[in-house]
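J.: Here the protein sequences come in this chain order: H and L.
The first sequence runs 1 to 328 under UniProt numbering.
The second sequence runs 1 to 328 under UniProt numbering.
Keep in mind the hints are simulated off the structure, nothing from the lab.
It should be emphasised that the depicted structure is a prediction, and the values quoted were computed from it without experimental measurement.
There may be inaccurate statements among the hints.
A pair holds if it fits inside one copy or across any two, identical chains being indistinguishable in the list.
[As the list claims (entries may be wrong)] Calculated lysine-lysine pairs in the DSSO-like style (CA-CA distance at most 27 angstroms, straight line):
| id | residue 1 | residue 2 |
| --- | --- | --- |
| 1 | K91 | K224 |
| 2 | K6 | K324 |
| 3 | K3 | K34 |
| 4 | K257 | K226 |
| 5 | K324 | K50 |
| 6 | K257 | K327 |
| 7 | K16 | K324 |
Number of protein chains: 2
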Amino acid sequence: MAKSIKEIAQELNVSKSTVSLVINHKAERARISKELESRVLAYVEKVGYKPNALAKSLATGRSNTIGLIVENIGDSFFGPFALYVEELFRKKNYHVLYSSTLGDPQNARDIIDSMLEKKVEGIILAPTVDLEEYQRKILEHKVPLVVFDRNSPTVETHYVHIDNEVSGKNACDYLKSIGCRNFGLVTIDSDQPQMLARKRAYLAFCDTYGMEPRILQLPYQHLKQKGSRMLKNWAAKQVGLDGLFFTTNYLCILGLKVLRSAPENSYNFPMFSFDDHELFDILIPKISCIQQPLEPLAKTCVKVLLKEIDQGISIPKEYVISTKLIKR
Amino acid sequence: MAKSIKEIAQELNVSKSTVSLVINHKAERARISKELESRVLAYVEKVGYKPNALAKSLATGRSNTIGLIVENIGDSFFGPFALYVEELFRKKNYHVLYSSTLGDPQNARDIIDSMLEKKVEGIILAPTVDLEEYQRKILEHKVPLVVFDRNSPTVETHYVHIDNEVSGKNACDYLKSIGCRNFGLVTIDSDQPQMLARKRAYLAFCDTYGMEPRILQLPYQHLKQKGSRMLKNWAAKQVGLDGLFFTTNYLCILGLKVLRSAPENSYNFPMFSFDDHELFDILIPKISCIQQPLEPLAKTCVKVLLKEIDQGISIPKEYVISTKLIKR
DNA sequence: TATTTCTACTAAAACGTATTAGTAAAGATA
DNA sequence: TATCTTTACTAATACGTTTTAGTAGAAATA
Chain H
1 MAKSIKEIAQ ELNVSKSTVS LVINHKAERA RISKELESRV LAYVEKVGYK
51 PNALAKSLAT GRSNTIGLIV ENIGDSFFGP FALYVEELFR KKNYHVLYSS
101 TLGDPQNARD IIDSMLEKKV EGIILAPTVD LEEYQRKILE HKVPLVVFDR
151 NSPTVETHYV HIDNEVSGKN ACDYLKSIGC RNFGLVTIDS DQPQMLARKR
201 AYLAFCDTYG MEPRILQLPY QHLKQKGSRM LKNWAAKQVG LDGLFFTTNY
251 LCILGLKVLR SAPENSYNFP MFSFDDHELF DILIPKISCI QQPLEPLAKT
301 CVKVLLKEID QGISIPKEYV ISTKLIKR
Chain L
1 MAKSIKEIAQ ELNVSKSTVS LVINHKAERA RISKELESRV LAYVEKVGYK
51 PNALAKSLAT GRSNTIGLIV ENIGDSFFGP FALYVEELFR KKNYHVLYSS
101 TLGDPQNARD IIDSMLEKKV EGIILAPTVD LEEYQRKILE HKVPLVVFDR
151 NSPTVETHYV HIDNEVSGKN ACDYLKSIGC RNFGLVTIDS DQPQMLARKR
201 AYLAFCDTYG MEPRILQLPY QHLKQKGSRM LKNWAAKQVG LDGLFFTTNY
251 LCILGLKVLR SAPENSYNFP MFSFDDHELF DILIPKISCI QQPLEPLAKT
301 CVKVLLKEID QGISIPKEYV ISTKLIKR
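All chains, please: the whole structure from these sequences, using the hints.
T.: In structure tokens:
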């Protein structure tokens, strides 16, 4: 159906080389006459010829595709982040091949393998746990890599992130400032470094002010069913609890659903979220939060990756984006 | 860096063909001896050889990639939808190349062109307006196409959607049942068929019950700034307004922000959304809505597309997924 | 006029795979 | 022993591009 460069050449009675050179704006350099150049151009336009990108990539070694690996494209952090990334790359004529790991390392490994096989020119990755080996693999393949949101401390990569520890401290200080004296932490049962950092901040706060730590770790798998029950039971047992710090927005949402919609509505204390959400400012009461600025985050990832692609792989660096505490 | 089949062959002192046949499980058919087969397999495993997917696709004509074109991957309808799609295709060993049109036909056309150039094996598309020609182009290239959410009536494609007119009628009936006698419609100023159908349902309802139609159309571009102002001004002018029917969830959210957070809080009537949102059930008052079942929607799209890919392009059909009215 | 330089192209090789037709050697048949 | 089959492979071609080295003819130089 789609014509090849060979057919175009035959129909014009010229060589494939000529057509290829003209199409790629190398006519001048190759001393193709203006006359022939415009004849080729006109014909190509007329029949709507488009080169086969696979063949082109194979020949040039450039796929014009980058891989974006997130935890869950459907969630309110990674989804909008992905949109920014896509838009930024579109401007540079790159396409984005995305995939969600859902937190499963095996998914992540499969995704990475097939992205490497498809010869992506770079990868932006929010790693799962146990992914050190595969991050090294990416680097061994000389594919530029930028890691964001969380990293794996034992492998050196460019790393774009927020300062979780400082942000977590700010969150605790804020809760204290509005009167909470016995607030707990609800987090996820994984060893993702950013979650650990948020927990560390909370523990440090407890230590400083002599507050008794109350921590609940919920399972990422089947969070909705299992997590709801666990949270309900846990909360019922806490005496004197006067606030909750959730380490992600989806945990906070779960908390709101489980605790606020309880008929007695007995949990009338402040709930604070790490990560904003588009409806947090119209809930009653409104939800204060740590806001990760998505656009700067995305911009930095893209900028760093493009630089690696254009100028070759460089020594890994860290890029820290500062967060905002939104008081509501 | 990455080894090619040629190098593998040389190192094993066999031909490229042998290696290729073994790798693709055609050893038996090609009468390669068991002994040699396992020797090749072992070596391939040992050096971690992975075929170059671009070359493979070029040779076979199969890219194992499908294109997903949505309006906005960051929003709460398309994001989770995309996750389902991705998961379903992953199981069948396909990868998803996604892109957001942001409602701009020129974006959509560029995206379609480059997906065709990359030889995707099928496309799932939520079309923008003015995209008829390009949908025909996809079909002319013999690439299977499934359109969802909205379609372009003048081009025949497989079309997966909900019944917007019936759903719209149900929404109006519901508002009537809870006592609204003068509710308005807030929609978007585009000619997307699904939006028009929702509006038609509202107008028909007005006609049936002699209710005076009050319709506000907001611009998709710069919705947040412009739309907020327009909505505020419009609402202020409506006397006796006792309810609002928003034709999308992001419009409803805008409505909630603009009207509910008004200090006077003078707009204390029911607001109804077309499309659910994860926080609608913890707002006070809760938001009732028409719920589009994402998973069946995604499953149907994927199933239909896979069938087209496997069994060849067939006569276009419509697939109607029924909605649920969620009363809260 | 013999040599060099330009002009305007093209032939050929390469990218890494899949596939089909072919082939040499061994075994079976008559 | 001459022919046919079977076994176990391989050579060659194709997929659709890019790119570099090459070339024939015209123009310029000496």
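J.: Quick one: which hint numbers does this structure break? Sort them smallest to largest.
T.: Violated hints (numbers, rising): 2, 5, 7; every other hint is consistent with the structure.
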